[in-house]
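> The primary structure of each chain is shown beneath.
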Amino acid sequence: MIILTPSPFSPSEALSTFEKEARGAGAIVSFTGLVRDRAGDADVDGLHLQAYSPMTENGIEKAAVDARQRWPLTALRIIHRIGDMGPFEPIVFVATASAHRRAAFEAADFLMDYLKTEAVFWKKELTKSGSRWIEPRAEDYSDSARWTQTDTETDRNARHK
Amino acid sequence: MADILYFGRLGDVAGTGAENLDIPAAITDTAALRRWLDAEKSAGGAFLKASVRLAVNSEIVVDPHPISPSDEIAFMPPVGGG
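Chains as they are written, first to last, in my numbering: chain A, 1 to 161; chain B, 1 to 82.
One chain only, chain A, in its complex shape (with noise of 0.2 Å):
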């Protein structure tokens, strides 16, 4: 299940329901991410999201789609804030299932550089001197980039039938 909500979201209420939902599950791995108080020597006073329905929502139901075909997952759920926010508010959750832990890791590990670097949002920090629109650093693309680089055989065999 994907949501963006322009409210704020609690990570634990999130992961209650998810652990319901993927009742059975022998690991879930849940990943959140919240919005820091500093960016380099500035005090960061918050963030604005926006993003581009449904463009942005298709995207990312497609990266889940793509997530389910290279890992056995049982559930997954996705939670994106948009609009504005303020330091420490959760911005991101991402929680997975599977029988085994390696899946559930790697897959959650998967849909946070798809939402870091290709997910349809566009950022901007509001600090005490001004705004700023933030773009994926380079580390982000790069970590990104580990996804094609380390197909296996299965990934690949799965993608040309």
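The hints are simulated quantities; they were obtained by calculation from the structure and are not laboratory data.
Some hints could be false.
[Said to hold, decoys possible] Only pairs whose alpha carbons sit at most 25 Å apart, straight line, appear in this in silico SDA-like list of lysine to any residue:
#, chain 1, residue 1, chain 2, residue 2
1, A, K128, A, F88
2, B, K49, A, H48
3, A, K124, B, M1
4, A, K124, B, A26
5, A, K123, B, D3
6, A, K62, B, E59
7, B, K41, A, E135
8, A, K123, B, D38
9, A, K62, B, N57
10, A, K124, B, T16
11, B, K41, A, Q50
12, A, K124, B, K41
13, A, K123, B, E72
14, B, K49, A, F88
15, A, K124, B, A43
16, A, K124, B, D12
17, B, K49, A, D140
[What the hints assert, rightly or not] Here are some chain B residues the structure puts well away from chain A; computed CB gaps all over 10 Å:
#, residue
18, D12
19, T16
20, D22
21, E40
[Claimed, not checked] If we take Cβ atoms under 7 Å as the criterion, some of the chain B residues that face chain A in the derived model are:
#, residue
22, F7
23, G8
24, G15
25, A18
26, A31
27, R35
28, A39
29, S58
30, V61
From a predicted model like this one, the values you see are computed outputs, not experimental measurements.
Even glycine gets a Cβ: it sits at the ideal position worked out from N, Cα and C.
With chain A's structure known, arrange chain B on it following the hints.
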């Protein structure tokens, strides 16, 4: 009248996030639209950057892609969430 959307930093450059524009009849594709808008907005090349992708009616396209007066055209600088 075409609906033009400016996302991210391009909203600041254009001075608005969205507008309804009468595009000159001579502007028939996305490459020409970039050049025309960049001049109109005195954007100094912000609309011409290869890192800025265009979507026509919610589909990302490759320049030059045909456009028509009723299209929704989005200017999309590099994306990223999380």
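> Are the hints correct? Go through all of them and say.
We went through each hint and held it up to the structure:
| no. | hint | in the structure |
| --- | --- | --- |
| 1 | A:K128 x A:F88 | holds, 17 Å |
| 2 | B:K49 x A:H48 | holds, 23 Å |
| 3 | A:K124 x B:M1 | violated, 29 Å |
| 4 | A:K124 x B:A26 | violated, 35 Å |
| 5 | A:K123 x B:D3 | holds, 22 Å |
| 6 | A:K62 x B:E59 | holds, 14 Å |
| 7 | B:K41 x A:E135 | holds, 23 Å |
| 8 | A:K123 x B:D38 | holds, 23 Å |
| 9 | A:K62 x B:N57 | holds, 18 Å |
| 10 | A:K124 x B:T16 | holds, 15 Å |
| 11 | B:K41 x A:Q50 | holds, 22 Å |
| 12 | A:K124 x B:K41 | holds, 22 Å |
| 13 | A:K123 x B:E72 | holds, 22 Å |
| 14 | B:K49 x A:F88 | violated, 34 Å |
| 15 | A:K124 x B:A43 | holds, 20 Å |
| 16 | A:K124 x B:D12 | holds, 11 Å |
| 17 | B:K49 x A:D140 | holds, 21 Å |
| 18 | D12 | violated, 8 Å |
| 19 | T16 | holds, 13 Å |
| 20 | D22 | holds, 23 Å |
| 21 | E40 | holds, 21 Å |
| 22 | F7 | holds, 5 Å |
| 23 | G8 | holds, 3 Å |
| 24 | G15 | violated, 15 Å |
| 25 | A18 | violated, 11 Å |
| 26 | A31 | violated, 21 Å |
| 27 | R35 | violated, 23 Å |
| 28 | A39 | violated, 23 Å |
| 29 | S58 | holds, 5 Å |
| 30 | V61 | violated, 12 Å |
When the structure is compared with the earlier hints, violations turn up for hints 3, 4, 14, 18, 24, 25, 26, 27, 28 and 30 and for no others.
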